[in-house]
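Let's have the full structure, built from the sequences with the hints guiding it.
These protein sequence lines are chains A and B, in that order.
Position in the first sequence (first residue = 1) + 877 = this note's numbering.
Position in the second sequence (first residue = 1) + 877 = this note's numbering.
These aren't lab readings, by the way, just hints derived from the structure by calculation.
Where is the CB? At the ideal position from N, CA and C, for every residue including glycine.
Simulated pairs of lysine-lysine, BS3-like, Cα-Cα distance not exceeding 25 Å:
| hint | chain 1 | residue 1 | chain 2 | residue 2 |
| --- | --- | --- | --- | --- |
| 1 | B | Lys-879 | A | Lys-1517 |
| 2 | A | Lys-1450 | A | Lys-1400 |
| 3 | B | Lys-908 | B | Lys-1098 |
| 4 | B | Lys-1517 | A | Lys-879 |
| 5 | A | Lys-1458 | A | Lys-1400 |
| 6 | B | Lys-1450 | B | Lys-1469 |
| 7 | A | Lys-1517 | B | Lys-1517 |
| 8 | B | Lys-1481 | B | Lys-1451 |
| 9 | A | Lys-1450 | A | Lys-1469 |
Listed next, with one range per pair, are the computed distances between beta-carbon atoms:
| hint | chain 1 | residue 1 | chain 2 | residue 2 | range |
| --- | --- | --- | --- | --- | --- |
| 10 | A | Asn-1201 | B | Ser-1293 | 39 to 45 Å |
| 11 | A | Leu-1363 | B | Lys-879 | 28 to 34 Å |
| 12 | A | Arg-1403 | B | Val-1424 | 28 to 34 Å |
| 13 | A | Arg-1150 | B | Glu-1092 | 48 to 54 Å |
| 14 | B | Ile-977 | A | Lys-1389 | 53 to 59 Å |
| 15 | A | Arg-1150 | B | Gln-1120 | 53 to 59 Å |
| 16 | A | Lys-1389 | B | Val-1424 | 21 to 27 Å |
| 17 | B | Val-1424 | A | Arg-1150 | 52 to 58 Å |
Number of protein chains: 2
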Amino acid sequence: MKWTLAFLVGLLTGLIATLINLAIENIAGYKLLAVFQFIENERYLTGLAYFAGANLILTGFASVLCVCFAPTAAGPGIPEIKAYLNGIDTPDMFGVSTLIVKIFGSIGAVAAGLDLGKEGPLVHIGSCIASLLGQGGPDNYRVKWRWLRYFNNDRDLRDIITCGASSGVCAAFRAPVGGVLFSLEEVATWWRSALLWRTFFSTAVVVVVLRGFIELCNSGKCGLFGRGGLIMFDVSNVTVTYQAMDIIPVIIIGILGGVLGSIYNYLLHKVLRVYNLINQKGRMPKLLLSLTVSIFTSVCLYCLPFLARCQPCDPSTTEPCPTNGRSGNFKQFNCAKGYYNDLATLLLTTNDDAVRNIFSSNTPKEFQPVSLLIFFAVYCVLGLFTFGIAVPSGLFLPMILMGSAYGRLLGVIMGSYTNIDQGLYAVLGAASLMAGSMRMTVSLCVIFLELTNNLLLLPITMIVLLIAKTVGDSFNPSVYDIILHLKGLPFLDANPEPWMRNLTVGELANAKSPLVTLSGVEKVSRIVDVLKNTTHNGFPVVDEEVVPPVGQATGATELHGLILRAHLVQALKKKWFLKEKRRTEEWEVREKFTWVELAEREGKIEEVAVTMDEMEMYVDLHPLTNTTPYTVVESISLAKALVLFRQVGLRHLLIVPKYEAAGVSPVVGMLTRQDLRAYNILSAFPHLVRSDCREKQN
Amino acid sequence: MKWTLAFLVGLLTGLIATLINLAIENIAGYKLLAVFQFIENERYLTGLAYFAGANLILTGFASVLCVCFAPTAAGPGIPEIKAYLNGIDTPDMFGVSTLIVKIFGSIGAVAAGLDLGKEGPLVHIGSCIASLLGQGGPDNYRVKWRWLRYFNNDRDLRDIITCGASSGVCAAFRAPVGGVLFSLEEVATWWRSALLWRTFFSTAVVVVVLRGFIELCNSGKCGLFGRGGLIMFDVSNVTVTYQAMDIIPVIIIGILGGVLGSIYNYLLHKVLRVYNLINQKGRMPKLLLSLTVSIFTSVCLYCLPFLARCQPCDPSTTEPCPTNGRSGNFKQFNCAKGYYNDLATLLLTTNDDAVRNIFSSNTPKEFQPVSLLIFFAVYCVLGLFTFGIAVPSGLFLPMILMGSAYGRLLGVIMGSYTNIDQGLYAVLGAASLMAGSMRMTVSLCVIFLELTNNLLLLPITMIVLLIAKTVGDSFNPSVYDIILHLKGLPFLDANPEPWMRNLTVGELANAKSPLVTLSGVEKVSRIVDVLKNTTHNGFPVVDEEVVPPVGQATGATELHGLILRAHLVQALKKKWFLKEKRRTEEWEVREKFTWVELAEREGKIEEVAVTMDEMEMYVDLHPLTNTTPYTVVESISLAKALVLFRQVGLRHLLIVPKYEAAGVSPVVGMLTRQDLRAYNILSAFPHLVRSDCREKQN
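Next comes the structure, spelled out in structure tokens:
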């Protein structure tokens, strides 16, 4: 069952990824071919108008979709998936409309030549597919398949969404192992060995589907799609030889990656805050922002190559030179026959081809330093200003472009002092910037291995990644954490803060508003009252005056368990009322409620109508209560409670007293995710901030 | 600090691995060269005597070391590491003597041509190094470095041992990413993102060290070691092309791997039980067993090639043919000039070279089916009977040999019906058997990728691994689980059994012997009594007749926390006694105990002498008590308690009552690892077995 789902997720992700690639390659390819036609006939201005116009239409298409139908489809979606797997549900994140807009929006945005990738969106698409399959259909359209409904529990849904995210990465980079590791290192919060295996299965299906289509399309049946093999940026044709001295440029690349990555994170944070202000103003400003960025991008990509000087073709090169085709390494552009424009090779092409060209090995004299510098500058600016606009956008490709530029530039500068090929310098540069900004290590390493198919490069890639991450971490958090913070998602970190060891959960519970408990058999009016006047999602159920089976005590109170708001609402909706105060039998409950109803998470108290007569009746909460909640004793430290909360994946954690006596409540408090956020605690206990600072100074 | 340690672990593991390789290659190489000399002169019997004698001496050396100095050094050590990381300490597992015996024992055993690998032992060596560094020196020799002592807590030690295990795998296969994943998938129980990164750093150091030495030794400075590059079994020279039809043999290999792997597990279980009986009889039988296996191995390896018919050399091959060198693909052995003996190529060589030869690609006619069949049969027998003898032995290489044999055999049988090279069939066979027996997926996939450097093989490797693991899992548990079970280690599984949901911890606590609690200020005589008459390692501390700060109750009892046996012993040793029953001040404790003393885990009650006068005095346990133990309410299900126990990594879990009243004890029970083992619970609740079976039938 779970395996069938994992298979379907892989299959559908693979199919949709192929579709997206097919559409992008064809749209972008034919667009470029037409532009080159104009340039060949020296109708430069018409070419610009055509290029900018086509890009504007494509951007507009993507942006209108995003703005009008699914605002959640904008951006990469990875931070929200990360938050979801941590236990935070963002509304409408995995719906059908989001999926459809994400697919067509990505096609539009990437084909429009904007500085963004389809990688992040593919991860989101994979997760959407997984979520829809796992829930048995879209939530809001009620086309639920009953045979899948038993899947609708949090853990299974999280698992299948992890599979979806892995499949997405796998489809984006054609990197099955990298996809699994990406989910593990960056996205997932909880992880089990069984999940590792199922994720791996999904990505295996994706890679088989992708390979099948590439094989099928290889002979030109799919238009411009499918030329080339399974490996996206193959650099295996170069022999990697390096001496001890080559370690110096490698270290430099690592440090550069860390510094530039953290600067990028810092600036992106600023830009996104400004963009947020613009985007809040309504649909029109959002749309205009996208279109402005599109025009700016088109002008940069088209006009800047004119600044470059034409280079004569090297007759010894095996590749065709010059070319006017869609891809190819030596673009003729505005040059005479036998000459090529190196900046056009990098700018006036699809993003994928740009990466391929800058990674190209055994072409040491192809790019002029000044061209690489312009390329780097352009993509720095575009990378910062494109990410936040209202289209589906991934961060991977912009970073690869930026990073490869300074990597290759360093290679050119090193010249004959180094044994490493310039193409490999570009690869290392790309890896370093990604590590410096996204702060991943193992998964990036494998993704780059699978992207470039050069195992001998692995040791230096590892060094670069480790240095870049270390340097970056000393400045600011990773780009995903920054976006999570900007979106205000209450993400629970793996490690408690040091000052959390000095605060007990009892102290924290005392600082909160008083706990609301319900009796085992409670009056309807009180339930309605509590539901209307509080926002809690769970309430402890306490029985008074019970006789415990052991001990001579009478008049004891008993912690019966925890009841969810959704179940209280269900009980009210179903009029599960009793005239007298009595406990019910199990069969009564079974008759009244189906498990499907109890699995429902929606339902608002406002939708429930209760008459005045009913208000005086009772509800037996016992059968609806979760009698086995996780608890902590009030004397436990906050740090330990946080570890429990996150490791076991809780929503509510009950606090029980350490004292045992008559008159003491059997539950003294309750902790939720919001209570455990460092920010919320520090606002209640400001002195902890100071002690924290003092600790850091020491 | 932690990074320095991770660096040192990587560095030392890399150095020692190089040393071991160097020694093995030279000893085994010169031994083989001498044997070939005898054979060239047709002095076959002298050759056999020399071969068997040399092997016997080497095996004897390894076995004497193991039997006399460190019995824990026998076997691979991976199951014990896995158990340690799950929370089970095996005595003497990570000591200095174990490390030294493991190093020299491995050299002896592998050089003796036994059917075992140095891979498992290298993992253990890495872990030993990590443990010794992490503890600041060997435990029993008291050469502790004070600057490292603060590391001596369980979590940090576990982390660094994980680094060590990864470094070991990396050093064994020269697979840095594979090493990290192996630790993650197979060895570790708890895992954090930060640990992933540190592990990765260790393996990066290992790979840099290995590469440095290989570079250094490439020119022949290290005798026979160091020829060849970083990739152990390179098959990147063959282009992988396959059609849809090739999926059939791939599926067959996967199924074969699963079936054979589980049969191997089954038979190994039987053999190990017999061996256990022999080994229990004393040192001499152990030693004799090893020597018998050695002689049997030597005779098989030397004599069986005479059964094979000599093959004429193919003049079109680029490799030298025939050879009499240490390595090389076409061994002349007993054949005339221009002819080679294909079975000698596989058998009369080092294990590494045998793998290289059977993986060799673009040599479709090299091996006769009958030779492959003999090879397979020999290694099946040797693989089963070699593993349990008293020498350091790894499972990886025997499985690779066995698996590659039937893989290549299938390739030969397929003949021209397939597009996949026979060498790749051998690779797939090896992968399938490992997956079928060890049940790993992602890490095996990466290890094979890094071993063979052929990325295009990845999709089919994934399919093979998934099928083999699925098939194998339907028969029996993985080989490591079988060994864990045989050794009787109480390993806690990730998933609770289904029937655990039907039992509460309160019921389980009632079935146990009554709980022993201590008062906050306790009489010495009672402490001595409790320590002598129980074997528990932790005791709840309960204060009677306290006045809680809230509530009008008086005469309440308070759960103060949990005290460890080691701390009680320390208190007795230090004579931390009070004349009157009073609570102490914090400065008194600080004066009396240093944190180093409190970190001590040893100390036995038998070593403590208490006078009769002292027996009547009191000890204030409050300052020595852990006041923040994890707790569960008695009504929680066993399944949930187990999840908490394992996820948070506990040793003791206190059970608190759900009733709140005077006269109820504030702690009703305590759970330990042994209590949570399925086997122990089922013996107390036999009816659960039946309900479990019924559930499985449905």
